[in-house]
Structures are given as structure tokens and as C-alpha cells.
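Residue numbers (our numbering), protein chains in the order written: chain A, 165 to 520; chain B, 165 to 520; chain C, 165 to 520; chain D, 165 to 520.
These are calculated hints, taken from the structure and not from any lab test. A hint or two may mislead.
[Claimed, not checked] Residues of chain D clear of chain B, computed beta-carbon distances all greater than 10 angstroms:
no., residue
1, D191
2, L239
3, A387
4, Q429
5, K437
[As the list claims (entries may be wrong)] Below, in silico cross-link-like pairs of lysine-lysine (DSSO-like), each with a Cα-Cα straight-line distance of 30 angstroms or less:
no., chain 1, residue 1, chain 2, residue 2
6, D, K493, D, K478
7, B, K229, B, K342
8, C, K172, A, K172
9, C, K342, C, K329
10, B, K359, B, K493
11, C, K493, D, K424
12, D, K329, C, K279
13, D, K437, C, K312
14, B, K342, B, K493
15, C, K478, D, K329
16, A, K478, B, K342
17, A, K172, C, K279
18, C, K478, C, K329
19, A, K437, B, K342
20, D, K424, C, K329
21, B, K493, A, K424
[Unchecked claim] Pairwise CB distance ranges (calculated):
no., chain 1, residue 1, chain 2, residue 2, range
22, A, L227, C, A337, 38 to 44 angstroms
23, A, S325, D, G196, 34 to 40 angstroms
24, A, E171, B, R435, 39 to 45 angstroms
Using N, Cα and C, we set each Cβ at its ideal position, and we do this for glycine too.
Each chain is listed here by its residues.
Number of protein chains: 4
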Amino acid sequence: MSSTFGEKIKISIFGESHGEGIGVVIDGLPAGERIDMDAVLEQMARRAPGRDKTATPRKESDLPKILSGMLGDTLTGAPLCAVIENTNTRSQDYGNLMTKPRPGHSDYTAFVKYKGSNDVRGGGHFSGRLTAPLVFAGAVCRQILAEKGIEIAAHIKSIGSVSDKPFDPVFIAPELIKRLNSSSFALIDESVEEKMRDEVEAARTELDSVGGTVECAVTGLPAGLGEPMFDGVEGAIAKAVFGVPAVKGIEFGAGFELAKMRGSQSNDPFRFKDGKVVTETNNCGGILGGITDGMPLIFRAAIKPTPSIAREQKTVDLQSGENTVLTVKGRHDPCIVPRAVPVIEAVTAIAVINLL
Amino acid sequence: MSSTFGEKIKISIFGESHGEGIGVVIDGLPAGERIDMDAVLEQMARRAPGRDKTATPRKESDLPKILSGMLGDTLTGAPLCAVIENTNTRSQDYGNLMTKPRPGHSDYTAFVKYKGSNDVRGGGHFSGRLTAPLVFAGAVCRQILAEKGIEIAAHIKSIGSVSDKPFDPVFIAPELIKRLNSSSFALIDESVEEKMRDEVEAARTELDSVGGTVECAVTGLPAGLGEPMFDGVEGAIAKAVFGVPAVKGIEFGAGFELAKMRGSQSNDPFRFKDGKVVTETNNCGGILGGITDGMPLIFRAAIKPTPSIAREQKTVDLQSGENTVLTVKGRHDPCIVPRAVPVIEAVTAIAVINLL
Amino acid sequence: MSSTFGEKIKISIFGESHGEGIGVVIDGLPAGERIDMDAVLEQMARRAPGRDKTATPRKESDLPKILSGMLGDTLTGAPLCAVIENTNTRSQDYGNLMTKPRPGHSDYTAFVKYKGSNDVRGGGHFSGRLTAPLVFAGAVCRQILAEKGIEIAAHIKSIGSVSDKPFDPVFIAPELIKRLNSSSFALIDESVEEKMRDEVEAARTELDSVGGTVECAVTGLPAGLGEPMFDGVEGAIAKAVFGVPAVKGIEFGAGFELAKMRGSQSNDPFRFKDGKVVTETNNCGGILGGITDGMPLIFRAAIKPTPSIAREQKTVDLQSGENTVLTVKGRHDPCIVPRAVPVIEAVTAIAVINLL
Amino acid sequence: MSSTFGEKIKISIFGESHGEGIGVVIDGLPAGERIDMDAVLEQMARRAPGRDKTATPRKESDLPKILSGMLGDTLTGAPLCAVIENTNTRSQDYGNLMTKPRPGHSDYTAFVKYKGSNDVRGGGHFSGRLTAPLVFAGAVCRQILAEKGIEIAAHIKSIGSVSDKPFDPVFIAPELIKRLNSSSFALIDESVEEKMRDEVEAARTELDSVGGTVECAVTGLPAGLGEPMFDGVEGAIAKAVFGVPAVKGIEFGAGFELAKMRGSQSNDPFRFKDGKVVTETNNCGGILGGITDGMPLIFRAAIKPTPSIAREQKTVDLQSGENTVLTVKGRHDPCIVPRAVPVIEAVTAIAVINLL
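Build the full structure now, drawing on both the sequences and the hints.
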């Protein structure tokens, strides 16, 4: 198992949904940086379930305890370890998972990989709860990036059939970034919120769930970051973003739309603006040849519907070797897309800080 | 710069389009394996320009010379180094690139990153020509994978507005794999070939280029490969595939379509078939929780239109600091999608062999 | 800062001497293995100060708390995180370290590297206390190695001018390994213990400290482990062993004595024994060309005297910019060599498990 | 097999003694640096056999051919690949190695590891000849280090029982570095040369070989390089130096002598000199807590006697399963220590450039 990321700033996530605690070790942070822990907690609150109307009812006290790496509010240079204790777990809800894997979940693949020894309660190490230390790590990294003028913002691009406006790919206003960064239901065009919530409620009512997309932008990146070929920026960010549970696709700039374009449409013309080289359009998403060009870095991630639904589903009984059905009890979060927004921002921060 | 990939089987690509030679070092291959070099050359021919009607007129003699790592036809266990000499280069065609970056190319980002010292001729290290050693490396890896029953096949999923049929996600016939693997214009439904070639010709006639998508499948993978979170299979393959020039998006299984689905649609029901756990559908693309589930691994990559077009384009003059225009001379390949097929297969093989 | 080791089994150490806690995350352990936690604690006790007559008076309660990765006594495959809380710290003892670096300590280099932001109390992340989670990690790895027949044992080869007998390089009895593994003052020839303790007491009486060497053997290794050149076994073990504070040298087999030998003396003759290829001598320490040959792997590490001594020493005042003197108060451990034995065993286990 | 080193500047060595060619790919070099190729060749000549009286009679034309990464004399930023063709090989000399492993060589361990498929001619990938591309890579790195004021020099510290003077650990004169760097029999006290050569000649006359030690110093390093624990400077350099064939030990500063010292002797007192913090002695070899302190970095490596000797030696016949004897024909180099000097310098350069 490898739950680590990065060569310069190494992130190592640990924990299982129903174990003693979950957390993260961040190795390589610069000594002397001051961290605003309230701002970190604010980001963690955006991810926590139960804060927004669309979220799961399970309450979490996600208060991280810093074991090492900080003295007061300042990074010491030693690995930063934060631990979040697990409480309020109801493991009896998951009693039959060992034998009947939930469709769309990692139950079956984890069973094969870990030979049945993995902690199945609450999804174990595969639990969405593990994104809490990810957001912690990302929030710390984002403060260091912000000092260099690098900001990261994401929004709900779509839920089901309802879409938000996309980012303007050549200019993203600081006020928009600020607004999105403090929202628990982040939208560029807030007028679509009601329709989106209706989509989620419809799924909930029908004991179902619904997917969506998240669009993310990074501003303030200098030109010249990244390496050609396998260490290009697209690959680095993709590796981080696919670390988020439920992500099944990623596209940069115009992405899959580029496949239908002509070169005369997709090539972004260069021009000078205020003495700096910019592009008039940004179909490449701020990356050419794997290297940043100084324009906003923009990508979209596809989030599959939460596999936990209250309907009866077809599955197998691994013990008896027979086909069977399964109804997962408990109340489920019908749409994780709003809460995926701060997680996508966090892993993007972790990827970007490793590019500098 | 980092043109290396892999921890178990390390691939290190070197070379520049107009330098003395290009090549690859592959470190970690198993000693004693016999390599069918004719089969390797056959794969390299699929990628080489000028073999198919849609390709660039530049002729390449892509014959790799093995410097080390093989004794006769058998791997020795030492790093395998293959070198391809560069010939037939017309560097005078590129005389003005240093000052006028081509839109959509890496000229500008490479200029910033390498402070103007990079070899700009033919795109230097960013040249599509560097995919030749990639295909060599992939072809060697594929032979080792084939012995374990793992096959890789890709096809042109679309060019511009013309689409091929997708893979049947739950069963891919060995004969289809074999046919695709030996085709220089790989299609599942060969009846769309004419329309696709028309699309390419139309772009060529209009001094333009056109993009497309490639769909790739891996069969025979055991369940249980990959790791959760950052070392999941999606991330590993994405990192490899984004190493291919012009790829701007990747999606696994139903990919971005999942964003519009309900959980009751997207969850793949489990059932027993011949005593083995399978899924009835394959919306997850053979990967759950970052780990293979034993079904075919399926993904699609978006390929942007070749940025080299013969039309006049807006750009900047980096020396004079003025906006200007540029017309790139020479004949250009209006569509690299057919030749991207064996390259996508190759990097997938490199990623997969590192998962075993 | 990088306090991580390994590619297969990744060890990430965190903590500072006087922070909230210290600990380790171990990523990649095999699911389903049972861990005898009592045996782990026994190894940790061997390292803990205050258990043996030569040790520092500071008492530690080194009881590790498992946050994740185990269910009952069985590894789940998720990262194993163990935390040891810090208690009984007297940070006022170290009030003047920030400005007056202790000779032989990392105070000055840490000050330069971390720009004065590092936690200087008790040596911070450089504290010998950080070897507690190392021993925890090593003890877990050793149990997994033992199931494969691989045993690790070390002993005090020398303290000051008093030497123990060396290992018989071609055969190390299981009973000897067992005895050494449970000793807090591990010696092959126990008759030298009194002389060694006298050496330590003499140093203590004179407010001084004394160095020594540790010899370590690994038995049961199959031939063929390791890679040529940079990933040879010597390099892998050296990287781990130099991770132990105070180690300043390492030699394999006959080591520096080889420099005085003739080839006819140093070459280890091969012969068959019970159908297996063995060597008659073991001057190479079980490693030829960076690869194990199936004989016991043997090395010695040089441990410098503990830099903390109660004598007045010359140093600088980093604030005033003047030369000055320093007397470090408190009682000091005059010799860490006995306690270094289980730590050397632990890092060797961590290195070896990554070679398999 | 892994013949790669480094994360920032990745070195990948390939080749076998009697294959088509050997070489190196260096990934990550800074674009725009000018390389003095004559100075590189001068370093390679120091390593080449047959240039000095003590060397093997085999002549090599070690002229490297640059395949990529340079345009004229300037680094382009793309991976630098240099190839040296193999010529003048007499593979018939080694006809019986497959079945009768030479004592002290990697023949047996390579046979086990590579299942008998490795290229045994001339030692294959384990050949000392592979140090030629190492010296090439090191020489390029040294030029980049020299621009930052960092110099590396090594000398023959001992051969058999004859010793050179050690470096003055607190000051190493630039003239001495220059002289050592251009010598093929590098000594601080040149008056011992005759005695050392006598030692070598005595070994040669007796159909034997003799070992020695190399001492290496790095000057001009800033304080603060390296990381605590596993990525300390000692470990990084040890990993590189153990990549050199025949090295069996390494010690930093006073090294194994520290084991006999008291803390009051070994602790290096700090003082200010010209406004800079220095140490009065340098028993720590310029490294405290794994981090450079700004003093010269000093280490010694133990080189075992060349295992190739013309005497009859006991070995096994792997085919017949019987004990037997072996006499390796051909003329042998009785002492590789003089030629190991530039190789040790080279790998040190490769390690140091990765620390910056």
C-alpha cells in the first residue's frame, strides 16, 4: 500500500475509518513559516460532512492535534504530524460487508488485495474520511503557496444535468477565488444552486446518488514549472487528483473538446500584454509540453456518483459463492461533489508545491 | 528535466530531434526473457511517420541499435540500452523558432525553462520523434506482459467529428486485440475509416490539423493490482499517458459520463461467472478504489490537434518584444491520432509492468 | 527534511524530543501478518534509557499507541501508525542552546538549515529519542523477516579500548542470536562486560563520554538480493545505518582490513557444502558485486562518543558573535553504544525488508 | 537491476564489458552551462587503464560520443547521453566463467540473480569498465559544482602497508586540489610513491593483487546541506561510494578512530574566524546531525584487493556440482587503487550535486 505523495514535500496519509485515529505526516515543509491554523480549520470544515444541507448526517469532530513540526504557530522544519481521533463510529452498520461487497465500492478489490485482513468497517483506509487529513495537508501547503502569489480555487462545475458557468480561462478574479474558497457549495454562478440542490434532493428521495464534475484553477504560477514527458504538470496533477476517491477522469484546458477541434482553433495565439507573454485563449489549460506557460492552470475532474445507495443491489456472497442482493442500511450522502471541491483544491496544492 | 518513469522497471528516454541520436535505457527487466525483435520493430513501424497515408512525409530509419542488456535475443538483466541514430533532418526549416514561438507548441515554455539554451531544432527533446524509443520500450514490456496473459490494445476512438465504436467493456476478443495491434489505422469498426481519412484530408487541404481520441484496453490483469490513494491504477496510468505529447485528458470506464449518472446506473453489479467474480457492466473501467477488479481496464485519452499547421498564426517576437505573425514552413502531419495509438499502448505497457 | 526510508516498505518518522509526541508511519506492510506486540515492546525496552546501568537517568514511557494499520494483532494492509506521547520533559535545561551550539551536536547545523525556527529543546527532531519509533518499526519488520528465516543480531564490538569477540563470519548460532536479541548489554564474550562497564564509568566520573563500535549480522538471507552499482546491498544498508545518530563509519566483512590484504588472502574460496555453494571465509561480508551470496551479512558501525558531556567546552555565541564557553547541565549518558545495538538491528531490518 | 542514482540529477549507467557499448544518461542538468569537454576527457584518462605504470595492459579508447543534451559546448537541458563504444575485447579469455565463478568476483551472485542469462564476458555489467561513464558523469557534475566554489579531490591514502599523509582536515589548499586532480597516481606526500609502487610490483610479481584506501575531500560546501536521519550527507555519499566496485567500507572525519575516543576529544570546538563559524578540529568530517557544517567534508573508502589474480584458486563447478580449482588467465591489474581515485571523486560529485 502506498498512501504517500511527493518528492520535495512528502505527504504520508494514515488511518482507517473506524480505527483509533487518522492523520498525516508532511515531510519537507520550510522551517520558519507561520501557519494560520484557523484558516486550516476553515478548509477542513468545508470538507466535513453535516455542514451543508447535501451532506451525510454523520458528525465528525475533525479537530487535528499537532504532534510535531510546529512550535506555537511556526513550522520547525521537522515532519509535521497531525492526528484526528475517530469518534462517533457505528461499526455495526457494516457487519455484512466482509462477505457481500458493495457494488462500486473498493470492498471487493480490497478483499482480494489484503486477503480479507483489511479493516472493512466504514471502508477502512479507503474511506472518504481519509480526505480530512488530505485537506489539512493541502491547507498548510496553500498558505505557503499563497505567499508566493499562487492561489487555488475550485467550484462545482456540474451535478447530474445541471451545470455552473466555467472559469474564464484567461483571467480569474481574486475576489472570485476568495468567495469560492470560503463556500461550502462553491459556484461561479450562484443562481444555479437551487437547481443543483434539487438534483441532489431528487436522488436522495429516490434512494439514489448523483455524480458531477469539479473545475479547478491555479493562478499565479510562473512560466517554466514542470518537466517534459513523464514529469509534466498534467501527469503530476493527475496523479494527485486520482488520489481522491471517486475521481474517474481529468482534462486540462479545453480537454476532450480539443479532440473535435482544428489546430487553427485550439492553438492559443501568443501576444505581449504589459511586457509579459500571454495567450489570447487558454485551450491548453496553462500547460504546453508539460510545462506551465504562466496562464491560469485549469482542469476538470469527473466524480462518479457515491456508490453507497439505499436501494437493493445485485452482488455476490464471497463465502457461499452465490449471487445475491444487498441493501446498505443507514443514511447516505447522495452527492459528494460539493465536499469534493476542497479536497480537489487540497491535492492540487500538494501537487503544485512539489513542482516549485 | 525528468524523462524517466517507473520504480521497478525504470525507463529513461534521451535524445533531441536533430541531435546525434535518440534512445532509451530500460533498467530492471528480468534476465533470461527472450525478446522477439521483429515484433518490436513491427510496433515501431506503426508509429513511424510516412508508413500510413495520413502521416508526415519525413522518413525515419527507426532501426534501434542495442548497446547493452541483450545477448543474442535474450535479456541479460543489465540495463537495456537502444539507440536510434538521427538522419534526414532539415534543421534549416526551424531557423526562426528561437525568437518566434509556435502557438500550441512547447517552444515558449521550453525557452523559459531552459533559458534559451535548449535545442529548438525540430522541437528538440519535446519532439514527437522521442516517442520512437517509447514504443521500443513499450514493445519489450508488452512481450513480458503477454507471457503473463496481459494484452494491450488501442484504437482510434474518434478523429474530429467521426467516431469508431467503443470497446465492449466486459469482453474484448483476442482476435480484435491481434488485429488492432497490427494495424497502422486501428479501428474496431473499419467501415468508418474512409470518413475519418476524409476528416484528415479536409484538415490537410485547409492547411490545418485535427484532433481525436484514443481508447485503450488492457485485458488479463489480475484483480488486486494497484494501491489506494496516490498510487492507484488510474494515477499510475495517467502519469504515463500524459507523458505522450498532445494528450490533454484521460477518463477511465464511463469517465466523464459518470458525472451525469445516478449511482444505481453507475455501480457495476457483481456476479459469479465460472466461479470467478465479475461485474455485469464496467463503468468503473476495471478499477475500484484504485485497484484492479479483474475486468478489462479501459480508458480514453484526448489528443489535441497537431499544433504544427501551415497557416499564418499570431505569435510574439521574443527578441524585439513585439507582436507578430508566423507561418511554419514545410509539410505537416495533419493528424497524429493514428500514430498515437501504438504510443498510448506503449506507455500503458510501461505503466502496467510497474504495477505487477 | 526527509525522515523517510524505503520504496517497498516506506518508513516515515516524525516527532521532536519535547513536542506532543513522536512516532512512525509504516506504509506497505503485508496484510494478514500477526504481530507479537509484546516482542515489539521488548525490543523497545532494550533501547529505552534507564533500563541499564550505563544509561541516562531520564525515564521514558515508550508505550506506542497504534492509531491505524492493525485490527487486533493483525496487520490490515493500511499504513501502520504508532505514536508515543512525550512526557517527563525538562525543557528549561536547554534554555541557552539557541545561541550557544553544543560542540559535536547538530545544534549549529540545524540552526543554519532551519533558520533558527527548529525546536531546539532536547535536540528536537535530531534527538536520540527519535530512535524509539525506529526500533518499533524495526521490530515489526523483524517479525516478518523471521518468518522467512532471516534473523538479525548485533553486539557491542567495542567501547573505548575494550573489545568483544567478533562474530564467526561463516556461522552464527541461532542460540547466540537469541541471547543477543534479548540483552540490554549485548556481548558475544560476556566476560568483557565488567571491563567495558569500567570504561563507561571512568568516562562518567571524568564528566566525559566514550564511543564504540557495533557489529551486526544478518543470517538466512538468500543469495541474489540487491542490485549492482548504486542499489547494492552495502549502499542500502549504509544509508539506513547512517540514519542512526552518531554513526560515522561502516565496513562490511573484513572492511578496512581488506585494504592491507593481498587478493590471495581476501578472496573467499567457493565450495559446495550440503549441495549448496558456500565460501570458506567471509571477508566480503556476504556481499559480492553488491549482491548477497547466501553467507551471513556482516558489518560494523563506528559510534562516536555522545557529544553531551558535563565539561566546559569552547563554542560560539551566535547572537553576540563572540567566542565563548558552554557547560551543558543535567546528567548525561556517558555511552550510548549498548542502546545503539537494538537501533542498528532495527534499521538493518528496515533496509533488509526493502531488499526482498 | 538498478544502475541509477539521484533524484535531482538522475544518473543512469548502462553497458556490459563486452557488449556494443557502454554509457550514461544524465537527466536534470541545468540548461545553458558550458562544459569543457577536454577537462572531462582528462578525468576519464586518469581512470583509463594503461595510462599509468600500475594499470592493466588492456587499452581502451574511452572517447565518449555525445548523443543528446549538448549543442556545441552548451547543455540544452535535455538528458545528456554519452556512449563509449567497446573495442579490443578478448571474450575468449573468459570462456569458463559461466561454470566456475571467480572467487571475490560477482560471477556467482550474478549467476544466481540473473539465472545464468547475464553477459559474463569481462564481468558484464559488473565490469570495472563501467566506471568510465561514471567518471564522465562525475566530471560534468564537477564543472557545475566548481562554478559554485565546490571542489573535490581524492588521493591514495594507502596501498597495502604504505600510507600517504592524510588531508589537513581544517584546511585544504586549492593548489593541492589542483595537483591531485591532474595526477594519475595522486598523493599528498609524493615521496611515498616509490614505496607504494614497490608494494604493487611485489603483488604483481607474486601473481597477486593488493588493496588500499582512498581519502576524499570536498571543499566549499555551504553549511546546511543534507537532511536529518535517512537523507543525511553520510548516507547519501555512502550510497554513491558503495556504487564503486570493490569498496567495502567508508568512514567520515575521524571515523572508526572516534570509537576509541572520549567526547572531550572528539567534539569539535566552535569558534568565529573572519566572522564565520568554524570548528577548531574536524573529527566529524564536516557533517553534524547529517548536515554539513561548512568545514571540509572528508571521508575514506576501503578498496579490497582486485579479485582477479593469476594464481590458482579454489572454486566450484556449477555444472558438475563439484569442488574444483581455477586459474584466471590473462594479465591482471594488481592494484586498482590509483584508478579508483578519480572514480571516487566522480561519484562524490554525483552525490554532492544532488544535495544542493
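Any hints from earlier that this structure breaks? Give me their numbers in increasing order, please.
Numbers 1, 2, 12, 13, 14, 16, 18, 19, 22 and 23, in rising order.
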